[in-house]
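**Student:** With the sequences and hints as input, model every part of the structure.
What follows is the residue order along each chain.
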Amino acid sequence: MPDALLELEDVEARYGPVVALHGISLEVDEGEVVAVLGANGAGKTTTLRAVSGMVRRSGEIVFAGKRISRRSPEAVARLGVAHVPEGRGTLTELSVRENLRLGAYVRRDRAGVREDEQRVLSYFPWLDQRSGQRAGTLSGGEQQMLALARALMLRPKLVLLDEPSLGLAPMVTAEIFRIVGELNAKEGLAVLVVEQNAALAFEASSRAYVLEVGKVAVEGSSDELRRNESVRRSYLGY
Amino acid sequence: MIFAFDWTQLAQQIVIGLASGGIWATLAVALVLIYRSTGVVNFAQGEMAMFSTFIAWSLVHHGLSYWAAFFLTVAISFAAGVAVERVVIRPVESAPVLTVVIVTLGLFFLVNGAARWIWTPEVRSLPNAFSTRPIDVAGVAFSIQDLGNIGVSLAAVGLLWVFFRFTKLGLASRAAAVNPEASRLLGVRVSWMLALGWGLAAAMGAVSGMLTAPALASFDQNLMQPVLLYAFAGAVLGGIDSPLGAVVGTMLLGVLVNLVGTYVDWVGTELRLPVALAVILGVLLVRPAGLFGRVSVRRV
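Here the protein sequences line up with chains A and Y, keeping their order. The first sequence begins at 8 in the numbering used here and counts up one residue at a time. The second sequence begins at 3 in the numbering used here and counts up one residue at a time.
Calculated from the structure, these hints are not laboratory results. Treat the hints with caution; some may be incorrect.
Unchecked claim - List of simulated lysine-lysine pairs, DSSO-like, C-alpha gap at most 30 Å:
(1) A:K164 x Y:K170
(2) A:K222 x A:K164
(3) A:K73 x A:K193
(4) A:K73 x Y:K170
(5) A:K193 x A:K164
(6) A:K222 x A:K73
**Tutor:** In structure tokens, the structure reads:
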């Protein structure tokens, strides 16, 4: 079996004295969309923050064969992990174009960046007309799409997507997940997505982990988990 | 006013005002740079600029021409600004704002003391960068030095603007100031961007100090203290988070203070600083965000 693209083994994370993750293990393979579900405070966001180094963590985190458990967020980004954070991380005072350019900040291949810009705009054509606009003036859904587009500018090996549906209308959310699905199908993009909306998450992913108070409670294929009545009742509450 | 109004004098006084305003503008931009990235006013900015001016004086003293000393000092100040951030500010980077403010106050006394320790009290002056003879423009005599000061200040600010607007590093430092966390996720080394900001601020301050000193018959370690106040007043007038506002605000203030000093007899030269302070107070009462500042909406 080939090594996973991302592998977490017994990862703990804490905010000051508060332990948010009590030893989480999970994997994402190349070309795979994996969902992380769970109630508020279960540690979903912290799991992503542990990968990108935005929280103090311990345990093993291996990405593309490299140990990243001690690396800074800047260094993890440079390895090709694009983290779309909670709240989208819009650089509100900069223009849409500047936001996109910063997505490719760590890249040195100018020709490749230009190419990717065209490719990204083909997924989000409306961004082209809005390129001079201040990003803070975009609607929530547009900012979420901008955040995803910006993440793609890194030409990432893995995208960490934190609750893309948060505060958005169902139609906008559906559009975002449709694009994620298309990126995965067409380009083999690997995605680790955190989501409250279980139905959406199961639909978009091939495997899923359900977290409960900082631990993995259940894991399995998304189809299996979706059909599992007791999982639905005990952990997802619908 | 009953007699013919002297337009020549008005034009001259406006240019003199713009010249001092321009010098203040470079220091005001330095304040804005730090304010935007760390949310505090660097009270030591003026003292750092004073220290730079003393370095320039030493270089001139050792035989360098004014302009050679000028550019060398700007470079040294940039490096020193970066070093100050790394050594003094970095340890309190994530501390509350008040802590950082107090650290910059400490830095004020540290830099002032160091300058007094290194450079003993004596009468010292910097040579004029420009010819002091007047130039005739449409029948009005302007001092070349004033026009030169305006030119150098605007050039320094303009270069800074080009850096932030058109370079990748400039873009990254703006991003780091807007949203440090999101910027780190994009691979921007935010901590170094802060250091870069301190370096650029120190370089701007150096320009301000080296333009201030030649206008004076002699200067000492208190050289930049009034300039810091004018710069602060101008920055508040323009909007403390807006570089453009800082430039427009200090230029306006320069003209205002100079005209009031010239035409209002009882203000004269002694009460100019209080005029600047009145401007700070007035702006904070009437329009706290300043002319160009963004009104920050805070959810309660």
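**Student:** Could you run down the list of hints and mark each one as holding or not?
**Tutor:** Evaluation of the provided hints:
Taking the CA atoms of A:K164 and Y:K170, the gap is near 23 Å; set against the 30 Å cutoff, the hint holds. Our distance criterion of 30 Å between C-alpha atoms is met by A:K222 and A:K164, whose separation comes to about 26 Å. Proximity of A:K73 to A:K193 is assessed by CA-CA distance (about 26 Å); at most 30 Å being required, the pair is judged to hold. A threshold of 30 Å between alpha carbons decides the hint, and for A:K73 with Y:K170 the separation of about 28 Å falls inside it, so the pair holds.
Our distance criterion of 30 Å between C-alpha atoms is met by A:K193 and A:K164, whose separation comes to about 14 Å. Straight-line distance between C-alpha atoms of A:K222 and A:K73 comes to about 24 Å, which keeps the hinted pair within the 30 Å bound.
Comparing the model with each numbered hint stated earlier shows that all of them hold.
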